[in-house]
Amino acid sequence: MKRLFLVFCMLIGWADEPNVQNSSLLASIRGADSEFYQGVVMWVKNSDEASKFLESACQKRHPGACLYLGNYYEIKSQDKRDSQANLLKSQQYYQKGYENSLEACKDGGVEWCTIQAVALIDGRGVAKDIAKGMEYLHIMCDHNMENACFMLGSYYFYGTNVEKDLQKAEEFNHKALELDSKACDERKMYACILSAEIYQQGLSVDMDLPKAKDFYHRACKLGNQFACDYVQKLK
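Heads up: the sequence shown runs through residues 1 to 235, numbered per full-length UniProt numbering.
The hints are simulated quantities; they were obtained by calculation from the structure and are not laboratory data. Be a bit skeptical, because a hint or two may be false.
What the hints assert, rightly or not - In silico DSSO-like cross-links for lysine-lysine, where the CA-CA straight-line distance does not exceed 27 Å:
no. : residue 1 : residue 2
1   : Lys221    : Lys175
2   : Lys211    : Lys182
3   : Lys106    : Lys80
4   : Lys168    : Lys182
5   : Lys60     : Lys80
6   : Lys45     : Lys233
7   : Lys106    : Lys132
8   : Lys45     : Lys175
9   : Lys188    : Lys221
10  : Lys188    : Lys164
11  : Lys188    : Lys213
12  : Lys80     : Lys132
13  : Lys175    : Lys188
14  : Lys52     : Lys182
15  : Lys76     : Lys45
16  : Lys233    : Lys221
17  : Lys52     : Lys76
18  : Lys168    : Lys128
19  : Lys76     : Lys106
20  : Lys164    : Lys175
21  : Lys76     : Lys60
22  : Lys76     : Lys89
23  : Lys168    : Lys221
Remember, predicted model here, so these are calculated numbers, not experimental data.
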């Protein structure tokens with residue numbers, strides 16, 4: 001489930017269409033996309049080096065970069081050396097990510113709105129309120145926001161912070177897949193990757209690596225380097 005959280009942050013960070021609204025914050029986030037991307041690509045090979053790019057992007061108020069750094073220091077806090085200091089840094093970065101995404105959402109960056117619900121459910125950067133977070137996700141999914149349906153399906157499928165309910169998981173994962181497949185056909189690369197994730201993880205569907213690869217390849221052709229790199233690792 002934590003892997004899906006990082007994938008989710010990454011996908012939101014690479015929304016397909018630049019927001020046309022006049023917002024200095026959204027402009028700053030777009031300007032930090034390149035550093036965020038470099039950090040994400042480097043993450044698996046060398047998270048320490050990746051954190052340098054993410055730190056630079058977070059200073060420019062990129063919510064995804066701050067959330068990644070929260071995860072980075074959360075992992076480091078498991079080491080007894082400087083455990084408390086790293087845990088404090090983790091909480092600070094999660095809070096920065098939450099606050100930046102909240103402001104970006106208010107400024108019209110709708111791709112960041114779902115983060116509010118996820119943060120409430122997981123207690124990352126804000127006091128945990130599972131009921132309110134799930135309510136927000138349900139409202140957004142009812143309005144056909146693909147990533148909200150995807151996260152609902154994932155929460156119910158894994159039983160993370162909510163009671164496991166495979167029937168509800170199937171309902172929301174199938175809706176997410178339907179919406180994402182259509183959006184992928186409309187050349188929205190984030191939707192292609194979410195479709196790939198559903199098939200790769202077997203979220204309420206039969207695990208199907210050939211279909212997952214196909215969606216990753218489609219995202220790659222649309223210019224998503226993460227998809228290009230990641231599909232090579234699938235066997």
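Hints, verified against the model:
1. Lys221 with Lys175: OK: Lys221 and Lys175 at ~25 Å, within 27 Å.
2. Lys211 with Lys182: 15 Å, holds
3. Lys106 with Lys80: 39 Å, violated
4. Lys168 with Lys182: This hinted pair holds, its Cα atoms lying about 21 Å apart.
5. Lys60 with Lys80: Answer violated: Lys60 to Lys80 is near 31 Å, above 27 Å.
6. Lys45 with Lys233: Holds, at about 13 Å.
7. Lys106 with Lys132: Between Lys106 and Lys132 the Cα gap is close to 18 Å, so the pair holds against 27 Å.
8. Lys45 with Lys175: 34 Å, violated
9. Lys188 with Lys221: OK: Lys188 and Lys221 at ~11 Å, within 27 Å.
10. Lys188 with Lys164: Roughly 30 Å separates the two Cα atoms, so the pair is violated.
11. Lys188 with Lys213: 16 Å, holds
12. Lys80 with Lys132: Violated: Lys80 and Lys132 sit about 34 Å apart, past 27 Å.
13. Lys175 with Lys188: The given pair, whose Cα atoms are some 17 Å apart, holds under the 27 Å limit.
14. Lys52 with Lys182: 37 Å, violated
15. Lys76 with Lys45: 16 Å, holds
16. Lys233 with Lys221: Holds, at roughly 17 Å.
17. Lys52 with Lys76: The hint holds at about 15 Å.
18. Lys168 with Lys128: Holds, because 22 Å separates the two Cα atoms, which is no more than 27 Å.
19. Lys76 with Lys106: It is violated: about 32 Å lies between the C-alpha atoms, which goes past 27 Å.
20. Lys164 with Lys175: Since the Cα atoms of Lys164 and Lys175 sit roughly 18 Å apart, the hinted pair holds (cutoff 27 Å).
21. Lys76 with Lys60: This hinted pair holds, its Cα atoms lying about 23 Å apart.
22. Lys76 with Lys89: 10 Å, holds
23. Lys168 with Lys221: Violated - the C-alpha atoms of Lys221 and Lys168 are around 33 Å apart, more than 27 Å.
Going through the hint list in order, the structure does not satisfy hints 3, 5, 8, 10, 12, 14, 19, 23.
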